[in-house]
Amino acid sequence: MASAIRVEHISKLYRIGALQTQEYQTLRDTLARTALAPVRRIAQLFGGSTSASPSTEDHWALEDVSFEVQPGEVVGIVGRNGAGKSTLLKILTGITEPTSGRVHLRGRVGSLLEVGTGFHPELTGRENIFLNGAILGMTRDEIRRKFDEIVAFAEIDRFLDTPVKRYSSGMHIRLGFAVAAHLNPEILLVDEVLAVGDAAFQKKCLGKMDEVSHTGRTILFVSHNMAAVKSLCTRGVLLDAGHVACEGSIDEVVDKYLLAGSDMSVTGCIPDDAPRVGTGTARFRSVKLTGDAGKALTELYFGQRLRVTFVCEIFNDIPDAHLEVSVSALDGTHVVCSMSSDGGQAPLPLKAGLETVTVDLDVELLPRQYSIDLAVHHEDGRTIDLVQRTLDFTVMKVAQNSANSFRWTRARGYITPPAEWHLHQSGRRLSHQTGQLCARS
Amino acid sequence: MALQGIRILEARPGWHFIGFKDIWRYRELLYFLTWRDIKVRYKQTVLGAAWAILQPIATVLAFSLFFGRVAANPHAAVPYPLFVLCGILPWTFFAGAVSSASQSVIGNQGLVTKIYFPRLIIPMGAIAACLVDFAIALALLLATMVYYSVAPAATILFVPVLLVALLALAIGVGTLLAALTVEYRDFRYVIAFMLQIWMFATPAIYLQAEVGLDPRWRTILVNPLNGLIENFRLAVLGGSLDTSTLAASSISSALLFVVGCLYFRRVERKFADVI
Chain U
1 MASAIRVEHI SKLYRIGALQ TQEYQTLRDT LARTALAPVR RIAQLFGGST
51 SASPSTEDHW ALEDVSFEVQ PGEVVGIVGR NGAGKSTLLK ILTGITEPTS
101 GRVHLRGRVG SLLEVGTGFH PELTGRENIF LNGAILGMTR DEIRRKFDEI
151 VAFAEIDRFL DTPVKRYSSG MHIRLGFAVA AHLNPEILLV DEVLAVGDAA
201 FQKKCLGKMD EVSHTGRTIL FVSHNMAAVK SLCTRGVLLD AGHVACEGSI
251 DEVVDKYLLA GSDMSVTGCI PDDAPRVGTG TARFRSVKLT GDAGKALTEL
301 YFGQRLRVTF VCEIFNDIPD AHLEVSVSAL DGTHVVCSMS SDGGQAPLPL
351 KAGLETVTVD LDVELLPRQY SIDLAVHHED GRTIDLVQRT LDFTVMKVAQ
401 NSANSFRWTR ARGYITPPAE WHLHQSGRRL SHQTGQLCAR S
Chain W
1 MALQGIRILE ARPGWHFIGF KDIWRYRELL YFLTWRDIKV RYKQTVLGAA
51 WAILQPIATV LAFSLFFGRV AANPHAAVPY PLFVLCGILP WTFFAGAVSS
101 ASQSVIGNQG LVTKIYFPRL IIPMGAIAAC LVDFAIALAL LLATMVYYSV
151 APAATILFVP VLLVALLALA IGVGTLLAAL TVEYRDFRYV IAFMLQIWMF
201 ATPAIYLQAE VGLDPRWRTI LVNPLNGLIE NFRLAVLGGS LDTSTLAASS
251 ISSALLFVVG CLYFRRVERK FADVI
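So the protein sequences, as listed, match chains U and W.
Numbered as in the working numbering, the first sequence ends at 441 without a single skipped number.
Numbered as in the working numbering, the second sequence ends at 275 without a single skipped number.
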């Protein structure tokens, strides 16, 4: 079968110099450059130097990217910010041209790069449905036929004749997604639409996307939401700095993405001038969070064990150290705290020099963002060094084995404890265990 | 409406033909953009579309008061207000079309960077919206003719031809300026000024021919708009068309149309990156 999308050696060059200064090209510059061009050419002839103007710098947003998508496949494009995902989508939609390479598309293409593109604030909801529909490529008849469905999905029937400028941002987004969701292309390109809206609406959008993906349409889905990518897509492409770093099953690609991120972006170094408290006899130098594989991470699967490794520089011997590792939610709530002396253990003698400490925290954190705080104290309670928010990390909703993923839109609390559930009803007894005991198995 | 069959995307530098086929495929979008511009223009105004008539009336009054003495020929058969109206209407259309078309692409940044469609649709939609105002204003012209009991002559059949030429000129100049404005924001400031000069350089709007033009200024008549407006008036009010200026204006309008659209097509591939 012929592929729906065939990307052949696509590259895209941007000149960042021009972008960074944010200065529009002015006519004066162009005229000056044109006037000076012959002079420069002559200078080059004699000088031999052909360096371009120093203010501009070439940046390859994409370099030699190739992949294919078969009809009916749902493919997730993942990668860090700046990896070239959006540029790729812009090229696939025809908004911008590749600098080199080519793309073959088979079938009607619809794109959803931003929710509510082309909404006009002065027009009413009803008028905007028609306008937005036309912009996305629907015909008037098509929109008319789907009008009621769109209104119902967006839940805005009471405000149909109100100008969109008076809509709440939530209504705005709902209406935008509703129109786009009723688009009927053979190839659908979606960028990060689920990053907006409240949890309930995100769920609704995901549901709709899931529904669409089962109708045999080809979908290319760009997102940072790994849970959404994992649940929607069958295959994935990992982009890294404009190259295809990995292509394959979605599980494989997501795993690679989560591991790859750590190596480059997360140093976990604690600078000297970080806000610290303490006598200063010792200083924390770096911290990292590792999974079972031993690689540094900032995103953990739900249910994954926390292993914190930190390096502490000790300037003078400390005979009575109590080391402390704690995890806080980003609002500052202390969630768990472990001290080296917990359970009546003796204080640790620390020798001058660098000490590397590894702590395994057997705790099942609920999906949200956390950070790690480090401290070291004397026996008498005096603090030697204390640094808060040394490293931020996220516990994702998705578990290593996706059957154990977190199912709800929002977590209540921070920890889920191992628990045993017993139901005592007349005539039968039901028992089961939950929490780590179960998720780890 | 989106694209059927196989589509190939790759770098396509250089000159391209206007792509009427593509535009035709997206005609509904053209319709909706026009409709949006019209709807939005008179939202939250008390008088609404009446502005399409009030604006030319105000200009005609001003011209009659200030220029009436100087520019009008007391022996002319046509009363000066009617004379001026015949010039003001096509001018108002032209000036409005050029200025809104030139701002249209940067005004629709959100669309340009997020959706693919033939970019020419944007300035064309802006111009089409002005065309609607022009149609309303033409009714005003008819009413004024009734008021002065001036009967239209058979030459009125030429009006559609002149309108096509005028439209071509507006599209040519509008798209050229729209494309230039995307890359060089300088043009935002140039346009208002340019239109002002252009108006005075179009004596057909306000100067009754019999008054005569200083021969040193005759070269001004190279301006294609002058011939179009002159002939528009002749066609409406009756009189033999000035075929030589008509031919010259039509040819230069067609040329500007082609140059404007082709330049636009040449640079449109960079719009999403530069805008």
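Be a bit skeptical, because a hint or two may be false.
[As the list claims (entries may be wrong)] EDC-like, lysine to aspartate or glutamate: derived pairs with alpha carbons at most 20 Å apart:
1) K39/W / D58/U
2) K270/W / E324/U
3) K295/U / D251/U
4) K43/W / E122/U
5) K165/U / D37/W
6) K43/W / D161/U
7) K270/W / D29/U
8) K270/W / D157/U
9) K39/W / D161/U
10) K270/W / E97/U
11) K204/U / D251/U
12) K146/U / E28/W
13) K351/U / E324/U
14) K39/W / E28/W
Don't read these hints as lab results, they were simulated from the structure.
Hint-by-hint comparison with the structure:
no.: 1; hint: K39/W / D58/U; result: violated, 43 Å
no.: 2; hint: K270/W / E324/U; result: violated, 56 Å
no.: 3; hint: K295/U / D251/U; result: holds, 18 Å
no.: 4; hint: K43/W / E122/U; result: holds, 7 Å
no.: 5; hint: K165/U / D37/W; result: holds, 16 Å
no.: 6; hint: K43/W / D161/U; result: holds, 13 Å
no.: 7; hint: K270/W / D29/U; result: holds, 18 Å
no.: 8; hint: K270/W / D157/U; result: violated, 40 Å
no.: 9; hint: K39/W / D161/U; result: holds, 14 Å
no.: 10; hint: K270/W / E97/U; result: holds, 8 Å
no.: 11; hint: K204/U / D251/U; result: violated, 23 Å
no.: 12; hint: K146/U / E28/W; result: holds, 17 Å
no.: 13; hint: K351/U / E324/U; result: holds, 17 Å
no.: 14; hint: K39/W / E28/W; result: holds, 16 Å
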